[in-house]
Amino acid sequence: MNLTKQKKFDKVAFAFIAPAFVFFTMFIIVPTLASVYYSFTSWDGISPNVKFIGLANYKEIFTSARFGNALKNTVILTVFISIVENAMALSLALIVDNVRWGKNIFRSAFYIPVLISGIVSGFIWKIMYNYNFGTINSVLQSAGLDGLKQDWLGNTKLTLIMVGVVLVWKGAGYYMVIYLASLQSVSVDLIEAAQIDGASPWQRFRAITIPLISGAFTINFTLSLINGLKVFDQINVMTDGGPGFTTETLVYLLYKVGFNEGRQGFGTAVGIMLLFIIIILNTLQQKFLRSKEVQM
Amino acid sequence: MKKKFISTLLVTAMTATMLAGCGSSSTTGTATGETATDTTGQAAATETEQTETADAAATDSIVTEPTELTLIFADGDDGYKTVMNAIVDRFNATYPDITVTIEPGNGGAYSEFLKTKDSVGEFPDIMEMRDTAVYVRAGKIAPLSEDITSLFKTTTEFDGSVYTAPMAGENTDGIFYNKDYFDKNGFTEPTTYDEFLELCQKIKDKGDMSPLVVGGQDIWHMGFWFHKAYSDQVLSQDADFIKHAYEGTKDFSDDTFKATFEELKTIMQYAQDGWASTPDAQIATFMANDMSAMMFSGTHMVAQLKAAAPDMNIGWFPIPSPDGKMRLVGGAGISGLAMSTEAAADSNKKAAAEEFIKFFFESKNYKEYCETMSAIPTTVNDPQISAEPVFVEIMQAVDDADEIGPMWNGRSGENELPTDFRNFTYKTLIEVLQGTRDIDSATTELNKTWQTSMESFNPVTGVGIE
Chain B
74 MNLTKQKKFD KVAFAFIAPA FVFFTMFIIV PTLASVYYSF TSWDGISPNV
124 KFIGLANYKE IFTSARFGNA LKNTVILTVF ISIVENAMAL SLALIVDNVR
174 WGKNIFRSAF YIPVLISGIV SGFIWKIMYN YNFGTINSVL QSAGLDGLKQ
224 DWLGNTKLTL IMVGVVLVWK GAGYYMVIYL ASLQSVSVDL IEAAQIDGAS
274 PWQRFRAITI PLISGAFTIN FTLSLINGLK VFDQINVMTD GGPGFTTETL
324 VYLLYKVGFN EGRQGFGTAV GIMLLFIIII LNTLQQKFLR SKEVQM
Chain Z
346 MKKKFISTLL VTAMTATMLA GCGSSSTTGT ATGETATDTT GQAAATETEQ
396 TETADAAATD SIVTEPTELT LIFADGDDGY KTVMNAIVDR FNATYPDITV
446 TIEPGNGGAY SEFLKTKDSV GEFPDIMEMR DTAVYVRAGK IAPLSEDITS
496 LFKTTTEFDG SVYTAPMAGE NTDGIFYNKD YFDKNGFTEP TTYDEFLELC
546 QKIKDKGDMS PLVVGGQDIW HMGFWFHKAY SDQVLSQDAD FIKHAYEGTK
596 DFSDDTFKAT FEELKTIMQY AQDGWASTPD AQIATFMAND MSAMMFSGTH
646 MVAQLKAAAP DMNIGWFPIP SPDGKMRLVG GAGISGLAMS TEAAADSNKK
696 AAAEEFIKFF FESKNYKEYC ETMSAIPTTV NDPQISAEPV FVEIMQAVDD
746 ADEIGPMWNG RSGENELPTD FRNFTYKTLI EVLQGTRDID SATTELNKTW
796 QTSMESFNPV TGVGIE
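Order-wise, the sequence lines are chains B and Z.
If you want my numbering, it's the position in the first sequence, counting the first as 1, plus 73.
If you want my numbering, it's the position in the second sequence, counting the first as 1, plus 345.
Some hints could be false.
To be verified - Subject to a maximum C-alpha distance of 27 Å in a straight line, what follows is the list of computed BS3-like cross-link-like pairs (lysine-lysine):
(1) B:Lys145 <-> Z:Lys793
(2) Z:Lys547 <-> Z:Lys498
(3) B:Lys132 <-> Z:Lys793
(4) Z:Lys670 <-> Z:Lys498
(5) Z:Lys551 <-> B:Lys222
(6) Z:Lys695 <-> Z:Lys709
(7) Z:Lys588 <-> B:Lys124
(8) Z:Lys588 <-> B:Lys230
(9) B:Lys222 <-> Z:Lys426
Quick caveat, the hints were computed from the structure, so don't treat them as lab data.
All figures in this text were calculated on a predicted structure; none of them were measured in a lab.
For reference, chain B alone in the conformation it holds in the complex:
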């Protein structure tokens, strides 16, 4: 009797998950497995002839200066946005959490950039960064600060960070909401008790608030890590990976060689490497951040 019930339950459960399972398999699992296969080929993305070349693409990845450069750019950008974006988001969350009036206005204002698409935000900032016609240099010139004018997207020392600034501007509001939700769940009793014991605002923040919102840190750092590793839109619009190779990240390299330069096989191998890099970095990050979390 129990066995029959169990069998019937399985069918129903399968019926519920079947549509999602079929679509997920068709559109995610199968293409991903196909990607693994194509990474061992020299396929150009067009020809019906797909030639198996073994590990040649992976050998090129480990010997190519271009991949190394893209990896370096990706790491710099990811570290930059992980730190700055979270610092900015936490600051904004603290402002919104503590203001006495206009809380909703501030929250909405800080969140608005999140609603703008990556492509559009890229265009907006590209115009602002323009050396000759851009808002930033025009303002600096008007203020008599000509010496501070920069070729924001043409100076190889600045460009990557300028792209990072746009990502922070666009993403901080999203992380702010997560921090804000976490801040609002911190028990007022604990804060008041510490206050009565004479703890300063900084001591209360460091010893009570930060440990209690550590779950939000884990989520936000994980998300910003992933977003940093797969940033594409803004680079595509603002720099096209340039000047030279200055802002070419792993995802952009994948796109350029795979879709633009007729080397789908190599591009896919870059994608597979990126998959492993994300898994490894995320696992390490999770391990570190989870160890710092405080369970209430």
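Could you slot chain Z onto chain B? The hints should help.
This is chain Z only, laid out in the frame that chain B set:
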């Protein structure tokens, strides 16, 4: 532990989603169709003309049943869209049994778009083809008949067959300048390379504007400059340099190739501040606003300059090579209208597609195309275009040049470049021009990349060709 596992699983799934686009052709989106007849308002043909031609054709149908064809071109330019719609409308009116339907072509990323259309099984019957060699090798496009190829002064062959009907002569590059500014300051068109550099120096010393405006953010724009110097330094010494590089008898550490970088370093000191982040689309603005005195670009820029500065008195001159010869980009290139292999396999579609291509190059239609696109005609029959004086001057310069040929990346046969090498070269060039890499290091990187590229593509040995 469970949380860790779920978290890692989520990360994997997100990355897999990103990767999914690379390996499979089944998930890519497609564009919706847009029939040419939707834009009849833009058609230039009169009703009378359409009726007359329709009557003439009605008695002599070239298909045995109603036939539909799809057409895709790089429709980024409004003028291009308008003229193509007008020609297609006229064709459809002339041949009632044939309907050519224009599909959106995503001009900004046309190559990728065409690839996507192929991946999802929507490769058009007729298309503007740019990556001809790749599609010929993939068996996606069919050879054109003698009826069509004989229409042109020159064509590009692949193993004895012609696959593209060149819509325009190669985009001849030269210096566009403001004649009034030159006259006012007593500047004259240089007749030698050294005079060109002297002119740049004079304008720089004057200090009211930059001598040159360069759209360095678009690497294809840098390609104009690169080809000029490459032509001066490399092609002037060895027209088959790329072939010899495939054979291994030459490499990119060659003195002539290094001289290409040196020449560009000399020229680029006269570019405007911020050239590396200036898009090509903005360079006409510099000219219109008297921020730069000269720009180096192709014939397509005539219309853009006219739009940006309608009153500007535009002058043009080619930059001579340092050895005194005039080497220009010109002649029929590798790109043009092509017919898909699938269409060629259907007798009706083949006949209709060939008829459309011939119709496109009929003088009345082709004249309209050339005038709208500032295109240099490629047909044996001169379409008698009414062109701006500056455009006439460019066409004359092409006729008078010591050497004309396609861009270094537009050559076929044993001098065809690996698909990824052009962009790599331009990006490396930008690094050199910005001082983040020296020339020796750049040529070393180019040699490494070349060796890797040759492993999958070498027309001399046949690797990647079969």
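Comparing the hints with the structure gives:
Annotation: proposed proximity of Lys145 (chain B) to Lys793 (chain Z) holds, straight-line Cα distance about 20 Å (limit 27 Å). Under the criterion of a C-alpha separation no larger than 27 Å, the hint pairing Lys547 (chain Z) with Lys498 (chain Z) is inconsistent with the structure, at around 41 Å. Proposed proximity of Lys132 (chain B) and Lys793 (chain Z) is supported: the alpha carbons are some 13 Å apart, at most 27 Å. Of the supplied pair hints, the one linking Lys670 (chain Z) and Lys498 (chain Z) holds, its CA atoms being roughly 24 Å apart against a limit of 27 Å.
A C-alpha spacing of about 22 Å is found between Lys551 (chain Z) and Lys222 (chain B), which places the hinted pair at or below 27 Å, so the restraint holds. Restraint check for Lys695 (chain Z) and Lys709 (chain Z): satisfied, since their Cα atoms lie roughly 23 Å apart, inside the 27 Å limit. Taking the CA atoms of Lys588 (chain Z) and Lys124 (chain B), the gap is near 24 Å; set against the 27 Å cutoff, the hint holds. With a C-alpha separation of about 37 Å, the suggested pairing of Lys588 (chain Z) with Lys230 (chain B) is violated against the 27 Å cut-off.
Only pairs whose Cα atoms come within 27 Å are accepted, and Lys222 (chain B) paired with Lys426 (chain Z) is rejected, the gap being roughly 40 Å.
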